[in-house]
Amino acid sequence: MSKGLSIVVVEIDRDRALAIVDGLRETGDHDIQVISEVSGLARRLAERNPDIVLIDIANPSRDTIEELTLATAPLERPVAMFVDRSDDGLTRAAIESGVSAYVVDGLRPDRVKPVIDAAVTRFNMVRRIRDELAETKRALEERKVIDRAKGLLMKARGIDEGAAYGLLRKTAMDQNRRIADVAAALVTAAGLLS
Amino acid sequence: MKARLSVAYVPLVDAAPIIVAKELGFAEEEGLELDLLRAPSWSSVRDWLAFGRVEAAHLLSPIPVAMALGLGGVAARVSAVQVLSVNGNVVGVSQALAARIADAGAPDFGDAAGAGRALAAAAGGRLRVGVPFPFSMHAELLYYWLSASGLPAPEGVEIRTVPPALMAEAIGAGEIDAFCVGEPWGSLAVETGVGRLLLPGSSIWSFAPEKVLALRTDWAEAEPELAGRLMRAIWRAARWLGTGGVATTAAEILAREGYLGLPPELVDRALSGHLVVSPGGGSHAVPGFLEFFAGAATFPWKSQAAWMGHRMAARLGLEREGASTAAKAVFRTDLYRRHLAGAGAQMPGASEKVEGGITAGTMVASDTGQMELFENRFFDGQIFDPSRDN
Numbered sequence: 001m002s003k004g005l006s007i008v009v010v011e012i013d014r015d016r017a018l019a020i021v022d023g024l025r026e027t028g029d030h031d032i033q034v035i036s037e038v039s040g041l042a043r044r045l046a047e048r049n050p051d052i053v054l055i056d057i058a059n060p061s062r063d064t065i066e067e068l069t070l071a072t073a074p075l076e077r078p079v080a081m082f083v084d085r086s087d088d089g090l091t092r093a094a095i096e097s098g099v100s101a102y103v104v105d106g107l108r109p110d111r112v113k114p115v116i117d118a119a120v121t122r123f124n125m126v127r128r129i130r131d132e133l134a135e136t137k138r139a140l141e142e143r144k145v146i147d148r149a150k151g152l153l154m155k156a157r158g159i160d161e162g163a164a165y166g167l168l169r170k171t172a173m174d175q176n177r178r179i180a181d182v183a184a185a186l187v188t189a190a191g192l193l194s
Numbered sequence: 001m002k003a004r005l006s007v008a009y010v011p012l013v014d015a016a017p018i019i020v021a022k023e024l025g026f027a028e029e030e031g032l033e034l035d036l037l038r039a040p041s042w043s044s045v046r047d048w049l050a051f052g053r054v055e056a057a058h059l060l061s062p063i064p065v066a067m068a069l070g071l072g073g074v075a076a077r078v079s080a081v082q083v084l085s086v087n088g089n090v091v092g093v094s095q096a097l098a099a100r101i102a103d104a105g106a107p108d109f110g111d112a113a114g115a116g117r118a119l120a121a122a123a124g125g126r127l128r129v130g131v132p133f134p135f136s137m138h139a140e141l142l143y144y145w146l147s148a149s150g151l152p153a154p155e156g157v158e159i160r161t162v163p164p165a166l167m168a169e170a171i172g173a174g175e176i177d178a179f180c181v182g183e184p185w186g187s188l189a190v191e192t193g194v195g196r197l198l199l200p201g202s203s204i205w206s207f208a209p210e211k212v213l214a215l216r217t218d219w220a221e222a223e224p225e226l227a228g229r230l231m232r233a234i235w236r237a238a239r240w241l242g243t244g245g246v247a248t249t250a251a252e253i254l255a256r257e258g259y260l261g262l263p264p265e266l267v268d269r270a271l272s273g274h275l276v277v278s279p280g281g282g283s284h285a286v287p288g289f290l291e292f293f294a295g296a297a298t299f300p301w302k303s304q305a306a307w308m309g310h311r312m313a314a315r316l317g318l319e320r321e322g323a324s325t326a327a328k329a330v331f332r333t334d335l336y337r338r339h340l341a342g343a344g345a346q347m348p349g350a351s352e353k354v355e356g357g358i359t360a361g362t363m364v365a366s367d368t369g370q371m372e373l374f375e376n377r378f379f380d381g382q383i384f385d386p387s388r389d390n
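If you read the sequences in order, they're chains L and Y. Sequential numbering of the first sequence, starting at 1, is according to this note's numbering. Sequential numbering of the second sequence, starting at 1, is according to this note's numbering.
Hints were generated in silico from the structure; no laboratory data involved. All values reported here derive from a predicted model rather than from experimental measurement. Glycine residues also receive a C-beta, built at the ideal position from the N, C-alpha and C atoms. Mixed in with the good hints there might be a few duds.
As the list claims (entries may be wrong) - Label pairs and their computed distance ranges (CB to CB):
1) D22/L / G172/Y: 34 to 40 Å
2) P152/Y / E132/L: 49 to 55 Å
3) D29/L / G124/Y: 33 to 39 Å
Said to hold, decoys possible - So the derived list for chain L, only partly shown, Cβ under 10 Å to chain Y, looks like this:
4) I65
5) T91
6) A94
7) E96
8) S97
9) D160
10) A163
11) L167
12) L168
13) K170
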């Protein structure tokens, strides 16, 4: 475990922030703070004066951190995007996982690397969880639409559930479309006709 | 053989040449399949480009210059190979500040000197101004205009970085008093009733290079054939955008959910040059509000880069002559000439000009005889000669 660094994580979502902080704690006795409020971000960061700032690449407020790259007062420390020239893979992994790290001038790469590694792992993990959640939600929505379409067919044509599903599946195959799309079209059309 | 290229952009009206190149088949004509990546921030665009996530990007024209001067979070070699758009920004103010400005002289929309005087009189305390990025034409135009109007900037005002899509929200929430932003985000502030437009950017500098097509320098040199195909596709899209009568079609394409995701009517204002200045107000014609093609708009003049380098160096205490040289080197007139000559682009005889020195349309020497340059002046009448110590 290396000597602690002062780290700020900019993240609005509390659960994500906690997951990331947990991962970082494993790499050393760091002083970690979470900023979840994006207004006045540059000022808040300047007040805390951390060694490392971690922020989601998708966060539009990231551009405000760019102000800090122009250190204008004597007490301010210039920051730069973390780029490890000797380890291109790490920089690429960081970008792909969606984390951007800003590091103060003069901090040794070997002190920063474990933190970035942990951040990349955690960002990947929370992204996977988020993707899975979105996928589950989507599947549920589709399930609902298919059930409604089945109900419409059963009522209109006096067929049972199995036959209604068979009809949806056959139409989807004939038209080279997904069952969920055929069902959605049917539900929309039925809504217009009723 | 069909090649796939990834291009990053920020959702703005001036990303049009890249979006149109894909949507209207100009890229396909060159055998290219473009993957367009909508970016949440300018730093993302720059990083994606610098670290190879994309091959090309829609970029604020001062970013490659700043990178060449070693400014900003990332050091990488990036080239500006053509200008994607000239002008297209608006300066807007909160309703409260607009009322004080009206009391202080009610300047006409487009009167930069009058608006500057009225703003200085109405400011009352330290003005908070939003710009999309520290290295942007928005920041450069504001500093130039405010300083010449008696509000020394950036030192005398508080400049805050606010992403374009959040500008209307920031002024609505009272976090800033004024902004300079690219369209359609200024019009959105008007439409949502939180702000009012004070000036078109073109009234501060009538021919300001706004966005560039940026390539990683090593990629542009290693893949000249692909770079040429991409540049020609985008150049032809710009030529189409410069044709009269296409604004409505272009607005429909840009407005789509995957691109800007806003009503076409809002997008159309910048494209047709008819801006609505105040909530519920009438539309105001601004000739030359946003130029994609005419007046040699696509040519990456080295003098434009030199002006930006010179301004940044003066502000940040860098050595000016070196900054000017470094800046000129990233505006790649050589690549423009090499890749676009075959496509029918007119080539000016010179690669730099006196910026701010053209008071009306002027004919200059070109490879095919003559070509027209449009009005190019600063609101205070200053001129910038890149060959002299300004």
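Item to check | Violations among the numbered hints, reported as their numbers in ascending order | outcome: Of the numbered hints given earlier, those the structure breaks are 3, 8, 9, 10, 11, 12, 13, listed in rising order.
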